[in-house]
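*Asks:* Residue strings, one per chain:
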Amino acid sequence: MSQYTLSSKTRNTTFVLMGIGVLALAYGAMNHDVSGTRFWANILLEGLFFTFIAVGAAFFMALQYVAQAGWSVVIKRICEALSTFLPYGIATIFIVIIASVIGGHNDSADIVYKWMQKSITVPGSPAYDEMLVKRSPYLNVPFLLIRTIICAGLWIYMVRLLRKRSIESDLTSDFLPLHYKNIKTAGVFIVFFGITEQMMAWDWVMSIDYDWHSTLFGWYLFDDMWLTGVIATVLLTLHVRSKGLLKEVNQNHMHNLGLWMFSLSVLWGYLWFFQFMFYWYTNIPDEVVYFQARIDHYRWAFWVMFCINLLVPLIIMMTRDTKRNNKYLIGVGCLLLITHWMDAYIWVMPGTLGVTPSFGFYEIGVLLGFIGLFLNIVLTNLSRVPVLVKNHPYLEESIHHHL
Amino acid sequence: MSKVFVHALYDDDDKLRAGAIEVKALGYAIKEVFSPFPVHGLDKIIGLKRTRISICCFIYGVTGFSLALWMISYMLVYDWPIDIGGKPNYTIYHNLPSWIPILFESTVFCSAHGMALTFLLRCWLFPGVSPKNPDPRTTDDHFLMVTTAYNEEELSNLMKVANATGAVEVKKVIA
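Residue numbers (our numbering), protein chains in the order written: chain A, 156 to 558; chain B, 6 to 180.
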């Protein structure tokens, strides 16, 4: 049974990255240009980005259970390892929410979720927003906390349960009952996640621009989670294979993952464009402010992100040969992760920092820190269990997968 | 002896595949295989070339895109500009975002229908054509492999291979 070993060099690299992150946070907390909104907005950005990778990989794995897909068994452990970051990512988002709640309670405007400011719903105060009062039956602090705790808590519970049963089934010859239980849990998770992910998308991301709302936003983020999860699975699979493990994964499996990358990127472009086009077409002043802020002040990131995210996979990943070529998969995968991070930057920053985009040592440091944390947790959890499942009804089918 | 076709009828796709591999190993060409469903890997075994229908798809898609762009730009920019919601409407460039759904649909429409029609035409499948299928059982649960023999030796070889790989029925058919 082959097991991934986390080399001390890789581990030290992740610690160095985490150290840079801690330094950046300390710098940010002490520096007056950074502390306050920019400090928390960046933590939220990284929390969202890496949580979405983890939950996307978990969703992808649950989908394979429910679809009873045979081909994906050999990469199941990779998805499971990526999903172990979920509690840490959710905790990061939760810390930012709590910081905003405390800041809002003290009536500070220097917070990420501006709608939490206490005086914003008090008539006559300078921050008063009448639209927000009408939304307050849904968008209020206690209800948001309840939603976040229940939804995210159940996500973590179900995702951990799936992984726990999968590891247990390696140790027993009577693994079929565990597999059927996992199919049921995965089904419940998919339905529950499909509904609650929409609410979390509104709460965690869309409520940053609290005067704007879009019914497509939840779907758009859902696709973003799924896509970044699949890309991370591709990159981690190729990393594990480059260590001489997981020989069972061949170009046919990579072809399938490449198909997912291609189709989800096209779906992402579809959802993004239609959300944009509806607001562009109707041209209602209080709705176009969202895109106006981004096009006027974040123009470069906005258009580069859209063009690369849609056109690069559409053109490069369309043919059979590129999907079966690891170099293309790695190149396009890394590029898409960077541009999807830019996408996440554009969700968070215009609503928090307003018209002055900031990108400096603090942003890069926090990003590197979270990359280190993510890699450390994912690779450590990957090295604890064999990289290939031992007992699975479709294992043989997966090894002989041929496209 | 003139040209003779050998019809080998199998009741299992694995046996058919084994038979096809054996025939190719002896150096004979397989003229045609009739099967109720696509048999995985068979196209590689009998040496079919990769399909060119994806190239057709691209050409039809470009055609659909161009036709839609031509139609809608003629209607909404050159012939009769309509003011919709105060959008600038005197150039293609300004109108383009609102046309994307139409361009997309037309591209998909033309490529899908074009591919389906090309496929039917290439396979010579349309109303009034007499079936080429030599045995109706291949539309149910049997597989038929057709090979060509040009002399007695080839004929006996091919029939031997078919029988050895478990064909349920082997027939020679005069061309």
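Keep in mind that the hints are not guaranteed to be accurate.
Said to hold, decoys possible - Only some residues are given here: those of chain A computed to face chain B with a beta carbon under 8 Å: (1) Leu-426; (2) Phe-428; (3) Tyr-434; (4) Trp-435.
To be verified - From chain A, some residues computed to sit far from chain B (all C-beta separations above 12 Å): (5) Ser-157; (6) Thr-165; (7) Pro-281; (8) Ile-311; (9) Thr-437; (10) Asn-438.
None of these hints come from the bench; they were simulated from the model.
Glycine included, C-beta positions come from ideal geometry on N, C-alpha and C.
*Asks:* Please go over all the hints and tell whether each is borne out by the structure.
*Replies:* Quick rundown of the hints versus the structure:
Here the hint on Leu-426 of chain A is broken, as its CB sits about 13 Å from the closest CB of chain B, past 8 Å. For the restraint placing Phe-428 of chain A at the interface with chain B, the shortest Cβ-Cβ distance is roughly 7 Å, inside the 8 Å limit, so the hint holds. A least Cβ separation of about 11 Å between Tyr-434 of chain A and chain B goes past the 8 Å threshold, and the interface hint is therefore violated. For the restraint placing Trp-435 of chain A at the interface with chain B, the shortest Cβ-Cβ distance is roughly 6 Å, inside the 8 Å limit, so the hint holds.
Here Ser-157 of chain A stays apart from chain B, with its beta-carbon at least about 29 Å from theirs, past the 12 Å limit. The beta carbon of Thr-165 of chain A is kept farther than 12 Å from every beta carbon of chain B, the shortest such distance being approximately 40 Å. With a cut of 12 Å on Cβ distances, Pro-281 of chain A stays outside the contact zone with chain B, its closest approach being about 33 Å. Residue-level check passed: Ile-311 of chain A sits 39 Å from the nearest beta carbon of chain B, beyond 12 Å.
Non-interface status of Thr-437 of chain A relative to chain B is broken: a Cβ of that chain comes within 12 Å, the nearest being about 7 Å off. Under the 12 Å C-beta cut-off, the non-interface status given to Asn-438 of chain A relative to chain B is violated; the minimum distance is some 6 Å.
Violation of the numbered hints given earlier is confined to hints 1, 3, 9 and 10; the remaining hints are satisfied by the structure.
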